[in-house]
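J.: Sequence:
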Amino acid sequence: MNDSEERVLRLELTTTVHDERINSLESRVGILHTELSKLVDLTSKIRWWLAGIGTFYITREIGILPFLKSLVAF
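Letter by letter, the sequence shown follows residues 0 to 73 of numbering that gives the first Met the number 0.
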């Protein structure tokens with residue numbers, strides 16, 4: 000094997016390794032994107048639950064009419 004054939008072989012091997020790394024990174028990014036979208040959905044649900052609990056607490060503590068008046072005032 001001469002020097003140019005060895006270079007071509009090393010370049011092919013390097014290209015294959017880089018392609019495998021790129022594919023691995025793409026799959027990891029896809030998994031991360033999926034998990035982040037699940038996390039966004041979960042935080043949205045938690046926010047609505049907290050808003051509901053807060054609304055229930057406020058209406059219980061100050062009464063429904065003052066609470067409704069404060070909503071209309073804004």
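FYI, nobody ran anything at the bench for these hints, they're computed from the structure.
Note that the structure is a prediction, hence the values are computed from the model and not measured.
Be careful, since some hints might not be right.
[Said to hold, decoys possible] Ranges of calculated distance between the beta carbons of each label pair, as one might list FRET restraints:
1. 16 with 37: 28 to 36 Å
2. 34 with 58: 32 to 40 Å
3. 23 with 54: 31 to 39 Å
4. 19 with 52: 45 to 53 Å
Every residue gets a Cβ at the ideal spot worked out from N, C-alpha and C, and that includes glycine.
J.: Run the structure past the numbered hints and jot down the numbers of the failing ones, going up.
T.: 3
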